[in-house]
Structures are given as structure tokens and as C-alpha cells.
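**Student:** Now for the letters of each chain:
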Amino acid sequence: MKRNQVIPAIVTLAFILFPLVVRSPYYQHLVILALMWVVIGGSWNLLAGYTGQVSFGHAVFFGTGAYTAGIFASKLGISAWWGMLFGGFTGALVGLLIGWICFRLRGPYFALATIAAGEIFRLIATNWESLTDGMVGILIIQTFRSKLPYYYLALALAAASLLVFEVVMKSKLGFYFVSIREDQDAAESLGINATLYKNISLLISSFFTGMAGAFYMNYMAFIDPEVVFSLHYISIMAILVGIIGGVATIWGPAVGAFIMIGVQETFRSALFGLAPKWTSESHVLVFGLLVIFVILFMANGVVGDWPKIKRLFVRSR
Amino acid sequence: MSFFEAKEISKRFGGLMAVGGVSFQVERGEIFGLIGPNGSGKTTIFNLINQYFPLTGGDIFFKDKSIKDLKTYKICHLGIGRTFQVVKPLKRMTVLENVVASAFCRVNTFKEAQKLALEMLDFCNLLSDKDKSAASLPIAGRKRLEITRALATKPELLLLDETAAGLNPGELDEAIELIQRIRDRGVTIIIVEHIMKVIMTISDRIHAINYGQTIAEGTPEEVANDKEVIKAYLGEESYA
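Here the protein sequences come in this chain order: R and E. This note's numbering puts the first residue of the first sequence at 1, with every later residue one more than the last. This note's numbering puts the first residue of the second sequence at 1, with every later residue one more than the last.
Calculated directly from the structure, the hints in this document are not laboratory data. Because the structure is a prediction, the values reported are computed rather than measured. Where is the CB? At the ideal position from N, CA and C, for every residue including glycine. Check the hints yourself; a few may be wrong.
Ranges between beta-carbon positions, derived for each pair [said to hold, decoys possible]:
#, chain 1, residue 1, chain 2, residue 2, range
1, E, Pro54, R, Thr279, 55 to 61 Å
2, E, Asp131, R, Leu231, 37 to 43 Å
3, R, Arg268, E, Asp122, 56 to 62 Å
4, R, Gly262, E, Ala135, 33 to 39 Å
Based on the sequences and whatever the hints tell you, model everything.
**Tutor:** Below you can see the structure in the form of C-alpha cells.
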């Protein structure tokens, strides 16, 4: 019991002190992004890992949140920070719309529909120029020049999302989500309204993803449809974060986010400038190899298979 | 009116009339057996009762209220629990978690759900297996888990679908004893069963069907001696 509390306390303290110790904006930037991905990966995991409804379209909620904040600032003249709150709600609203239509069906239809939804939203954002400025994108002025406020905001958002997921998974909702994943027929016969609880799971998931999107708008100060509604940079990345970290574990996506940002950055920067420039294009390839490796050898992800990994190292010593 | 009534229920799958106008009534506190050869429509009747399939015709009443247009989960909330012939454990959960999930049908906090779940596990003699994963249970344990899970939803009427199939003689006696204890709690039971030892021992009344049609109804002795029933089970010429 005591040990259980010591490690999280140390980790929390390390995260709080990190930007005060490491002053390099570059590393601060990477950790901010990783913290944002903790939120998105955790949200994806709640829906796909725990409830069994695999989404290939979390970019929809991310982009909706980002555009909510962006449009608030560029069209309505309201601070994009308000978008942090409303981004969650618009993300959740879009989530409800998709769930309301797709969750009456069983099987892979939801997954397929989310791919379509992602493309639809990207095209809307590209073509509705009077609202979104299309491919030009939305540029706002960053509120803070220092990275510190963004860092702590991202940290708070990540901590809040983890806390919510933890509480949810220990409650009635969590048990219902997992029951639906394991056997929808059995769940229904046990009095579980599967459609309703799938929608609730999607609602929580899309809310946090929308908030992360709005945070991205505030932090990066620039968005365009190709970035925030991207199938490969957002939707697939959300899945990778979940799978590599560990599906259906609370801490899995958190660990996965740091691994993925680390791998992405290592290859994007061409091994920190040591390798020829063209290798920077290879990070997608590396993602693919990483997924194959994880599925073959650690099907439960780094966190899910942690005992296995630990054993491997203890034995080889 | 009776506690539970199926009125002229029928179900058609394309050109096949799986159940063709079966009627029966069940009184409160009864153990009501449903028998018939393979493919005679017993499980289909269960699937019709808890609205896993919609009815083609007829109506079903539970405590004088028609339940034919309700959703499956709603029927559980009304107080009709069921087990599945092909057991459906929530595999990647422990035995306890399986039962806790179903206990949430009646209570809202984890603490209450766990209390109810432990009580039910104890009642069904599964308490020692509570931390095992549901996937690791042998078939007898899985059947028992099905019953425990259904009981945790606090049903007034319990539908047991071949809970004794695949059990060895020792396990069979335990199953019979468990079913009788469930009845003693005041739960009305409709049971589908192939094993005659079970159904003849515990049923108050038996309803026999063949090809989706009623062929006999009465006490176990009456049904066991019914010509139609013997014909359905043993064939045309061999009745004793």
C-alpha cells in the first residue's frame, strides 16, 4: 500500500519540477506534446480498450476542439482559452452525433464509420472557407511566450483525465464498459443498456479529446485541416499510443504517449541530426515496425506486459 | 392472472416455424420445466421471453404486463434473469468482477455491488474461485457463474437454459441442490433441460414441446407417461 503511493508521488513531483530543472524549450515542448497525447491516448483507450469500440477517427474530436478554440478567436474575437472549455463540449457533441447513428449497429461498423467521419470533417474544414479559412488555416497570437504556463496546463489536463478515467473504471460505468466489450449479449441480459453505455463512453472520450484539441490550438497557435483532422497524425497516432502503452490499462496510454513522442521525434529529427536528412521521412515506417513488434511480442503493450518485460531483464542478468 | 404467461407465442425464421403458437402459465414460486428433443424450440422460447429476438406472433405477460415490446436490458430490470446454454462468461474479468458487473443492475455504488456479489458467490459456492479469471473456470464453474450472475440481478423469475448439460454425476447433484435452494429464496424458475434426472426431480410441472408445438403439459409423472412425449423422444414403435 505504501509503495503504491510512493511511486506516483515521485512521478508527480518529477513532472512538477521538470520545467524548472530542464530549461531547454525544445525538451519542454516535447513533454508538453507528450502530455497532450496522454489525454488523447487515454481517451481513445477508454472507448476502444475498455469499451471495445475501436475508433479510427479521434481526429474528428481533436479537430473539432481545435477549430472551436480557433474560430472563437479568429471569428468571434473571444479568447481561445474559452475554447479550452467549449472545445470539450463541441467534441462531445460530435461524438454523440456519431454514436447516436453508429452504435445501434454491432461489429466493425463503428470503426468504419469513424474513418469516414474523419475524412468528412477534414473536407468540411477544408471547404467551408468562410468559417474555417480552409487550407489557409487559423493563426492566433500565443498568449504566453514562456512554455511554463502551457506545460502546467497540459500537466493538469493529463492528470485530470487520468483521474477521471481511474474513477470511471472503478465505478458502475467501468464495469459496464468492460462487460459490453467482453460480450454484448450477456451484458444486455444482465440489464445493461449497451447502446446507452457505449454512448457515455464515447462522450467522455470525445470530451477529453476535444479539450486536448483546443489546448493544441492555444499552444501551437496555428492549425489547418491537414494537421488537426489528419488520419495519420492524429487518429492513427491515438491508436498507436494506446496499443504500444497497453490497451485497457490506466497507465498504458500515458507511457505510450511518451514512447511515441520520443520515437517520432528521434526519427523526425533524423536521429538528432546524426543520420542523413532523408531518414526523417522514415518515422512512419518505424511506427509500422514498432506496431508489428509490439503485437508479436507484447500484445498487451508495455504496461500490460510489464511483468513479462521485467522477467526478461532479470533472467538475462 | 398468473405470474407469468406466454400466450400463443410464435417465431418464424424465414421459412421455418421455430415456435408455432405455444402457450403456458407459470405460477409464483414454481419450478416449471420445459422439455423437448433437440431443435424443438426450447432455447428459442427463452430468447423470445427476454426479447433477444422479437416475437412473430402472440404476447408475453409478466405480472400482468405485456413485455413483448421491451428491450432485453429492460426485461432484466423488470426482474427476469436468464442464463445461456452456451455460457457467456466475461472472459477477461475475474469471477468476482463478472458478478459485480451484474449486481450493478440493482445498486449504484461499487461497495454495495461487491457486497451483493460476494453474497451471491457464497450462495452458489463459488466464493473460493472469486479471484480466478472467468476464462479459467471449468465448465461446471462457468455454468455456476452464469447462475450467480443472473441471481445478482435479483430476478423474480429465472430462466435456466441447460445449466446441467456437460456436468458429471457429482456436479449434477450439486446443481439440483442449488436450483432447489434458489427456489427456496422465492425465485420462480423456468428451466430447459435435457437431463431427465434433473428435470424430473425438481420440476413442479413440465411443458413438453416438439417441432415448436405443445405436445403435453402436467406433472413430471403425467408427462413421462404421455404417449406423444414418448413418441417424440423414442420414436414411433418403441413406446413401452
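**Student:** Each hint: holds or not?
**Tutor:** Hints, verified against the model:
Checked against the given bound of 55 to 61 Å, the beta carbons of Pro54/E and Thr279/R, roughly 60 Å apart, stay inside it. Distance hint check: the CB atoms of Asp131/E and Leu231/R are about 42 Å apart, consistent with the given range 37 to 43 Å. Take Arg268/R and Asp122/E: their Cβ atoms lie about 57 Å apart, and the range 56 to 62 Å holds. Separated by about 35 Å at the C-beta atoms, Gly262/R and Ala135/E satisfy the suggested range of 33 to 39 Å.
In terms of the numbered hints stated before, the structure departs from none.
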